[in-house]
Amino acid sequence: MMLGRTAERALIDGLLTGARDGRSDALVITGEPGIGKTTLIGYAIENATGLRVLTARGWEDESEIPFAGLADLLRPVLDGLPGLPAPQAAALRSALALGPPVAGDRFTVCAATVGILAAAAETSPLLIVVDDLQWLDASSREAVLFAGRRLHADGIALLVATRNPADAADLRAQHVPLSGLSIEDVDELCRATLPAGPPGAAARLHAATAGNPLGVIELSREHPGTADDDGVTAPYVPPGSRIERALQARLAELPDATRRALVLAAAAVGGDTGILLLAAQATGLGLRDFAPAETQDLITIDDRRTEFRHPLLRSVVYHAATMDERCAAHLALATALANVPGDAAADARAWHLATATLSPDETVATTLQETALRASSRAGYVAAARAFGQAARLSLGPDRARRLLRAARCWQLAGRNDQVLPLLDEALPLTTDPSRRALVQHMSAYVRMWRERPDAVLEYLVAAAEAVEEADPGRAALMYSDACIPYFMVGDIEQLQAVVRRGHELASRTGGAPQLVAAVALAGGLTLAGERQAAAELLLAGHAELRLADPLVRAQDLCHAALTWIWLEDYDRAGELLDRVVTAARAAGALGVLPQALGIESELHFRTGRWHDARVSAAESLRLASETRQADLYGLFFAGRLDAVQGRPDDCRRRVERTMSVAGRLGVDCMALYTGHELGLLALSEGDTSTAIARLEEVRALPVVAHIHDPAVVPWVFDLVEAYIRDGRTDAARELLDELEDRTGGLWAAAAAARCRALLAGPEELDDAFRIALESPGCALMPFERARTQLCLGERLRRHRQRAQARKHLHDALETFTRLGAEPWADRARSELRATGSTIGRSADALPRLTPQELQVALVVGRGATNHEAAATLFLSRKTIEYHLSNIYRKTNIRSRTDLAGIVA
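Numbering (full-length UniProt numbering), first residue to last: 1 to 905.
Where hints are given, some of them may not hold.
[To be verified] DMTMM-like, lysine to aspartate or glutamate: derived pairs with alpha carbons at most 20 Å apart:
id: 1; residue 1: Lys891; residue 2: Glu823
id: 2; residue 1: Lys808; residue 2: Asp768
id: 3; residue 1: Lys891; residue 2: Glu854
id: 4; residue 1: Lys808; residue 2: Glu775
[Claimed, not checked] If you anchor each label on the Cβ, the simulated ranges turn out as follows:
id: 5; residue 1: Glu545; residue 2: Gly83; range: 35 to 45 Å
id: 6; residue 1: Asp768; residue 2: Gly664; range: 22 to 32 Å
id: 7; residue 1: Ala631; residue 2: Gly274; range: 42 to 52 Å
id: 8; residue 1: Asn887; residue 2: Asp418; range: 31 to 41 Å
id: 9; residue 1: Arg305; residue 2: Gly99; range: 21 to 31 Å
id: 10; residue 1: Asn887; residue 2: Lys808; range: 49 to 59 Å
id: 11; residue 1: Gly728; residue 2: Asp767; range: 15 to 25 Å
id: 12; residue 1: Thr335; residue 2: Gly99; range: 28 to 38 Å
Hints listed in this document are in silico derivations from the structure and should not be mistaken for laboratory results.
Glycine included, C-beta positions come from ideal geometry on N, C-alpha and C.
Could you put together the complete structure from these sequences and hints?
And the structure:
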């Protein structure tokens, strides 16, 4: 019976109409138990004419079964599996127990969910309904919400109901909190459920329940004549307590056998009627004992499933039972499941045994461990973590420590580092083997360095590494190598040098993986110290091994090596390593690997003059970092720097604020170096030299700057020199240039220094100074830097009235700035050209007008990908690609893919 909810029904009608018209959108309904969420979902399903309806519901007793909800949701559309990319299809088959186990990045299943739903929507618009999201298993919830964020123009309506708004907070959707019914609607509901009710019953029920429909129905079944007599003045009582008491009163009226049967039903996993009746028979009960509850509309029974009429009723039944009654119910259900084939039955049996076992029991712990192993083999890491954790509670001694460690690792793979540290803290005192202790400490330190002030973690990590040097030099080497991360965070470059050298020394004794990891860490440390040649030799020695390493298993090492190659200006080798990581991650749907790789790829594209690609990589890095709950500092910085030079000052400042907020939370003090450079470059791009100087002098004053001896790491210093010159502070510029004489080992630094010297040159030296700057190998290495030098030369030539010569250099600079989308710099070049007498219009380049997502689609499709290939690459649907292409064509005023290829090229 639907009463009221006019506004909510209108929103649902709009959601369904949008899907019929080819749009995708989501609606989240939130509210307390009994408020009417499921009733509204029923309204949506009844009115979904022309839409294919896919449903899933969270069940409290199934919340530990990985992908249980997703299996229900996708079962009708599994014929689309063969059309998915092979790694995604294999991961989804594994997750749904339709194929062999495939462990790996849990987001591969998320990507596959997007693909299979989009394929289903090709033939008919979809209504996807998820009720009781709060009880949907974690793996299914993650996949559904990920898909909801990725669908745009597919004709898919997503309707979610949950108690807690936070459950779907990261879903782009309209969130609708349900309040109670009006007193008029309560009156109508009373007349339907209590035809002979006394006068004033509706007012008293409304006051007592705040209009909660379930509360109205349950309390109206009490004796209204004995309720509060003072009508609407009755004090408000929170609905949960009144409803619960009403339900308990109804249960008390049932026969004892029926109440015992209901406890069995409340304890059952999945509500399978056959299993439930087997367990009932084992305890002397039968189908007849469920009949009174069915008659009282407390449960529904059919040949497949037994369900409570409302989840709150199940909770009341279960928690009203004694511990002995609950344990007996779980044991009976475990016995009934013993001879049922299949992993699902084995997992359910293991949980029933564990729930019924109140003291350590190795047999039960082993059974539950097998459940954990099955879940982790299917990338169901949350379920695996919980199973390992419960198995640990039933274990003693070393077995307990080992299972706690496995649980912690699964929580880590699930992206839930908040759950990791308590388990490791519990495992450490139980672990006596030095190598195992070091492993626990290493895991703990790695998690803590992203959750606490890194300086607090360093002492712990280094002390643990020192303690295990003799027993396990390989582990110690890995710990020292990881210590370089927090040392860089706090800007202690001297100590960073010490630990990476010690790590490399220890790793040389062991060889294998520790040696490669330590070599990459040391190469980065050497580069920071200005020892470029030694760093390059070290990286080159390990490059062949890095090229052969599994790019997903060793993604972090490949990314760190690539970043060091970028600092060393070997862009080909950097690109080779990053391409391996990004390509493998996209093919496997390993989204968790991509944020770091794409952030560093953005830096590579920036330096090599592929700024549209740089913007796309940074934007995708940020988006995926948010979706996979990772820190997004790489993407934030690289995106903010592009904003600074491409004329998006407000976006740049917002990103700087966000960067400093994240950095402050994580204790990453060194980010002041990056954000200060961003703001200084922004001011320089806007022609505000005084602000540029102020910001860049703040960078110069940072303690960390004195210990970074290679200007290419964070290239701020020559921007300050140029700002000094443009502000007329030539003495300050010369002084800073003189300080840099022994730090210009790289090609870019030499070219930038040459440009600054040319800016300081007198009229008679100008031609030679700029010729040296332009012919410098580093000037050709980075197109933006070359264009800046050409702009500087053109400006100087015009001021010396050599207008014809100035025009050539200014035209070249303008062409490069325009291609890069560096609009503030292009404006300066145009202004100078006009001052020479040239007539210059604004650029017709439309790519900068595209959103980052549109730009990404334009680049992928413009370089030859089909819509299907683009969708697979970008983890979007084909219709979403088509939607973005239509916007791209409109904004760029083109009509074909050939035209798109032309403007992308």
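What are the numbers of the hints the structure violates, in ascending order?
-> Numbers 6, 10, in rising order.
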